[in-house]
Amino acid sequence: MTEPEALQNLLQAVATGAILPDVAFEKLKHLSFEPVEDFAKIDHHRHLRTGFPEVIWGPGKTSEQIISIIHSLRESAPIVMATRISSDVAQQLLEQIPGLIYYPVARICALKSSQIPTQQGIISILTAGTADIPVAEEAAITAELCGFEVQRLWDVGVAGIHRLLSHRDLITSSDILIVVAGMEGALPSVVAGMVECPVIAVPTSIGYGVSFGGVAPLLTMLNSCATGIAVVNIDNGFGAAILAGKILRTAARLKDRVQ
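Numbering follows our numbering, with no gaps: position 198 of the sequence shown is 198.
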């Protein structure tokens with residue numbers, strides 16, 4: 001059965017009362033996608049299923065392909081977002097797409113709707129060093145585009161632990177923490193030993209030769225003796241923010257059930 005046929009049958013079932021509207025809504029989450037020429041299939045219902053629309057991965061795509069995908073997404077998505085966009089590619093996109101915003105440190109392009117709902121919860125993002133900021137900003141901008149309040153705390157690594165301890169109030173008042181670190185990757189363990197909220201650790205590719213492009217901090221974070229740490233892939237600030245958002249939305253949903 002083709003997608004249009006499935007949609008028509010579903011609407012007919014609602015009209016005759018064979019399926020309740022709430023059940024139909026759940027089925028609709030898994031139906032819609034749109035081909036863009038011969039190089040992409042846009043998943044328009046991803047935000048219904050997962051809480052955030054499909055996001056464009058920039059590397060490996062031409063500027064023309066990214067522009068076409070953005071135009072397709074903007075018709076239905078409250079947020080259109082493209083990650084890992086270089087400044088040269090961003091300039092081409094900005095010239096072709098009115099209203100597009102470029103965040104150069106995070107390397108994110110976005111079209112924002114005025115209807116982005118505010119989400120419950122504060123996401124605090126920490127970096128061990130200044131060189132980790134681009135990955136941390138990718139997480140921060142992603143979280144803000146999801147509708148969350150974000151607190152930033154840069155350059156508080158373990159080589160000068162007093163810098164971290166001087167911000168204890170900010171850290172302990174957060175609902176979830178994203179901790180970004182390269183080199184030996186020890187900062188998430190220290191932070192997780194100080195707080196009761198979840199900690200999402202992001203290893204970065206910052207470090208000398210034997211850090212193996214981020215593998216060393218990744219292994220440190222995976223082997224942490226502190227509890228309550230989740231670890232995402234190397235340099236994956238975007239993934240950390242999406243995980244944080246899912247945790248906070250789930251917490252809000254559980255709170256609503258209790259009330």
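Hints are not guaranteed to be accurate.
Cut-off 30 Å, straight-line C-alpha distance, at most; resulting in silico cross-link-like pairs (DSS-like, lysine-lysine) [claimed, not checked]:
no., residue 1, residue 2
1, K246, K61
2, K112, K61
3, K255, K61
4, K112, K246
Here are the computed distance ranges between Cβ atoms for each label pair [said to hold, decoys possible]:
no., residue 1, residue 2, range
5, T62, P117, 14 to 22 Å
6, E196, D256, 17 to 25 Å
7, V23, K246, 44 to 52 Å
No lab work stands behind these hints, which were simulated from the structure alone.
All C-beta atoms in this analysis are idealised placements derived from N, C-alpha and C, irrespective of residue type, glycine included.
Here is what the structure says about each hint:
| no. | hint | verdict |
| --- | --- | --- |
| 1 | K246 x K61 | holds (28 Å) |
| 2 | K112 x K61 | holds (22 Å) |
| 3 | K255 x K61 | violated (41 Å) |
| 4 | K112 x K246 | holds (20 Å) |
| 5 | T62 x P117: 14 to 22 Å | violated (33 Å) |
| 6 | E196 x D256: 17 to 25 Å | holds (22 Å) |
| 7 | V23 x K246: 44 to 52 Å | violated (24 Å) |
Checked against the numbered hints above, the structure breaks hints 3, 5, 7 and satisfies the rest.
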